[in-house]
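Engineer: Just so you know, the sequences run in chain order A and B.
Each residue of the first sequence is one higher than the one before, starting from 1 at the first, in our numbering.
Each residue of the second sequence is one higher than the one before, starting from 322 at the first, in our numbering.
Calculated directly from the structure, the hints in this document are not laboratory data.
Small disclaimer: the values here were computed from a predicted structure and weren't measured.
Just to be clear, a hint being listed does not mean it is correct.
The calculated label-pair distances, taken between Cβ atoms and stated as ranges, are [said to hold, decoys possible]:
id : chain 1 : residue 1 : chain 2 : residue 2 : range
1  : A       : A187      : B       : H678      : 39 to 47 Å
2  : A       : S131      : B       : A333      : 16 to 24 Å
3  : A       : L5        : B       : P598      : 35 to 43 Å
4  : B       : T563      : A       : A187      : 25 to 33 Å
5  : A       : S105      : B       : E663      : 34 to 42 Å
6  : A       : H279      : B       : Y670      : 20 to 28 Å
7  : B       : S376      : A       : A187      : 49 to 57 Å
8  : A       : S302      : B       : R465      : 32 to 40 Å
9  : A       : Q202      : B       : L372      : 45 to 53 Å
10 : B       : T563      : A       : E3        : 30 to 38 Å
11 : B       : P681      : A       : S155      : 50 to 58 Å
12 : A       : A258      : B       : R594      : 54 to 62 Å
Heads up, the beta-carbon is just placed ideally off N, CA and C, and yes, glycines get one too.
The primary structure of each chain is shown beneath.
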Amino acid sequence: MSEFLEPFERMLENVSTPAAVRAIERGGSPDAMWQAFAESGFLDALVPEERGGAGLALADVQPLWMALGRHAVPLPVGETMIARALLDGAPDGPVALAVAAPGQSVVVPFGLVAAYMLIESDCALHMVEASGALTGVVASLAARMTCNDLPSPHSTAPTSGLRPIAAILRAALIAGASGRVTEMTAAYANERVQFGKPIGRQQALQQQMAIMAEEMVAARIASQLGCAGGFPPSLVAAATAKAIASRAAARVAATAHAVHGAIGISEEHDLQLFTRRLHEWRLADGSESYWNGLLGRERLVSDARSVDFVRAHLQPEAATG
Amino acid sequence: MFDTLTLAALPAEGEAIRPAIRAIAEQAIANASADVRARSWSGFDRDFSRLLGRSGFLGLTLPKCYGGAELGPFARFVVVEELLSAGAPVAAHWIADRQSAPLILNYGSEAQREYYIPRICRGELVFCIGMSEPGSGSDLASVRTRAERTAAGWRVNGQKIWTTNAAHGDYMIALLRTSGSAGDRHAGLSQLIIDLKAPGVTVRPITDLTGDAHFAEVFFEDVELPADALIGEEGEGWKQVTAELAFERSGPERIYSSVVLLDAWIAHLRDARRDDPATCALVGDFTARLGTLRAMSIACTARLALGESPVVEASLVKDLGTRFEQELPTRIGDDLASHPDEGVDAELYRTLLYVTHIAPSFSLRGGTREILRGIIARGMGLR
Ligand SMILES: Cc1cc2nc3c(=O)[nH]c(=O)nc-3n(C[C@H](O)[C@H](O)[C@H](O)COP(=O)(O)OP(=O)(O)OC[C@H]3O[C@@H](n4cnc5c(N)ncnc54)[C@H](O)[C@@H]3O)c2cc1C
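Between the sequences and the hints, there should be enough to build the whole structure, so can you do that?
Structural biologist: This is the structure we're talking about:
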C-alpha cells in the first residue's frame, strides 16, 4: 500500500503547496497542477486492469484520498478516479460529481475547476461539460449548478446511486485534512507562548486537543471502514464513514481555531485552507444527520443485536488485515 | 499522528471461537431480564466463571504450560465481545483473567506463575486490585499504605478503597509503599499479593447508588505476608502498574457497558413500529459510532497482538468509548420520555434507570476522563 502512497505524497508535496492552492482559489489556472495528476497515472487507480487501469481496491485508494485532504488539493482528483472507474470511456480532464433532480439547483464541490460533471439524475449517469455559477463563498471552488436539459444518459447509475461513493471520498478527504489540522494545532500550541509558557502546557487546552485527536482518529478509522468493502460501497459502510467524519469535521475545525486564536482565521495562515474544506466536505453529499437517518432505517429493519449488526456490515476482509 | 492505530481485521483465529462462546453466553442469560444483563461487568457468578474455565474460555492469551490457550488477543476480544453483548455475568473472573494473570506472567516468580495462573484459567480464583486509597485516586503515586520488611516477609498497614470484588474475592494485588514516603512519588512502590483471608484484613462493602455493593473498603492491620508475596522487583511497582493499566483500558469492555440497553431500546422501537426521521437518525448515530469504536478497539487489539503496549491509543479509545456509553442512557431516556404516549415496559424502564445511574462510573473506573486526556496530550507532544 505504501508503495503507492509514497510517490503520491511526494507529488503532492511538490504540486499542492499552500501557494499553489491559494493561486487556484484566486482564479488561477489549474491546468499545470492537473497535468501532474494526469501524468502520474493515479487517476486510473480504480479502473479495472482489463480496461487498462491499476485495478486497485478501494482500501488501497483510501490513503491516497486522505493524502488529497492532507494537502488541501484544489482539484477533483478523487472524483475523477471514481468517474473513470464507473464509466467506460470517461473523457480526459477533471470530473466533478453531483446528484440532482431535474430543475434542482445544487452545490458541486470542485465544480469551478472541473472540465466535466458526472451527474446522477433519475437513476442515470450523465456526463456533461462543467458549467455553473460561483457560490458566492470566498475562495470556494464549488459551483452552483442547475440540472436542466441533460444529454442522454451515459449509463445507468449504480444501484445505490452516486451518493454513497461520493460520501466515502468526502469522508477520506475529511480524515486527511483532520489529521493535518490536528498536527498543525499541536505544533502551534507548543510554539505559542502566553503567561510565560507554551499554551500547550495549559491543561484546559490539552484536554480539548485530546478530544480533537480522538475525533480525528475516529474519522480516519470510519473512513477506512467505508472503503474496506467492495466498490461501490454498501450503504451501511458509506453511512458510517460519512456520519462519523462529518461530525468530526466540525469539531476538529472548531478546536483548531480555538487553539490558534485570532491568527487562525486570517487569510495568511494556512489553517483556513484546511478548515474551510472541512466544513464544505461536511455538507457535501449528506451531513451526519442525513447518513444517520439512512443508517438507522437500515438498522431498524434488522432484528440482530447491535454488535452483530455492525459486525456483519462493517467487517474488513480478514485477508487485508 | 497516532498513525499506527489503523483498521485491522479480526483474523480467523478470533472468529473461530465465536460460535462456542456464544452458545455458553446465551445459555447463561436465557432467563435473565435486561436490567440484570445490563449489570454484566458487575454480575458475580462463580459457577459461570468456572464453567468458562472448564470450557477453555479463560486465560486465552496465556501459555499452555500454565493452563492457558496460547491464542492471542483477538480470541480474547471475541470472547469478551460475546459475553458483554449478551450481558453475561463476568465479574467473578474478569479482573483475574484480564489483569492479574498477565501481570503475574510478566513479572511474577516461577512459583507464583505455577500456583496462581492455572487456578485463574480454571475460573477458581477471584482477584481484586488494590490501587486506590482515600487520599490516592487520580494521584495514584501518592499511595500511603505500607509494607515493611520483617524477618519472615512483609507486614502491611493501611487502607484501600473502591476495591471491586474485595468482599467476595480471594486475593488482592496491592500497590504498596515499600520504601520512602508518599513524597517520593513513583519510587519505592511495589506490588504484593495479599490473601484476603489473612488475619488483620477487614473488608467493608460499599453500597452504590443503584443498591449494589460491588466495591469495598479494605483495612490492613499488621497483616503478615510471606516473603514471596512480592510480585516482580521491589520498587518497580509503578512501572508494573502502568503496563497493567494498558490491559485494562484497551479492550472492548470500554464500549459495551450500555449495549444491553441499546438493544432493549431498539427492540422497543420495533415493537412500537416507530421509524420517523428523528428516530432513525438517533439509531443511526449510535450504530455508526458503535461500528467505528469497535473498529478502533480491534485496531488497539492488533497493537497488543504485535507485542506492543498501546498506552496512549488505549486511552484514546477508552475516552471516546466511555463518552458513547454515557450518552446512550441520556439520549435514550430523552427519546423514550419524549414519546409519553407510547408506553415503556417495566423491564426497559428499570434497565434505562440502572444504566443512567451507574453511567458516571464508566469514565471513573480504570482512570478518569481528565487523566486519560492528559495521557493523550502527552502522546501529542504537549507535555
Ligand atoms: C465502579 C468503580 C470500580 C472501581 N474499582 C476499583 C478497583 O477495583 N481498584 C481500585 O484500586 N480502584 C477502583 N476504582 C477507583 C478508581 O480507579 C478511581 O475512582 C479513579 O482513579 C479516580 O479517583 P477518585 O475517585 O479518588 O477521584 P479523584 O482523583 O478525587 O478525582 C475527582 C475528579 O478530579 C479530577 N482530577 C483529579 N486530578 C486531576 C488532575 N491532575 N487534572 C485534572 N483533573 C483531575 C478527576 O478527573 C475527577 O474528575 C473504581 C472506581 C469505580 C467508579
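Engineer: Each hint needs a verdict: does it hold in this structure or not?
Structural biologist: Going through the hints against the structure:
no., hint, result
1, A:A187 <-> B:H678: 39 to 47 Å, "holds (43 Å)"
2, A:S131 <-> B:A333: 16 to 24 Å, "violated (52 Å)"
3, A:L5 <-> B:P598: 35 to 43 Å, "holds (39 Å)"
4, B:T563 <-> A:A187: 25 to 33 Å, "holds (27 Å)"
5, A:S105 <-> B:E663: 34 to 42 Å, "holds (40 Å)"
6, A:H279 <-> B:Y670: 20 to 28 Å, "violated (41 Å)"
7, B:S376 <-> A:A187: 49 to 57 Å, "holds (52 Å)"
8, A:S302 <-> B:R465: 32 to 40 Å, "violated (53 Å)"
9, A:Q202 <-> B:L372: 45 to 53 Å, "holds (52 Å)"
10, B:T563 <-> A:E3: 30 to 38 Å, "holds (37 Å)"
11, B:P681 <-> A:S155: 50 to 58 Å, "holds (55 Å)"
12, A:A258 <-> B:R594: 54 to 62 Å, "violated (44 Å)"
When the structure is compared with the earlier hints, violations turn up for hints 2, 6, 8 and 12 and for no others.
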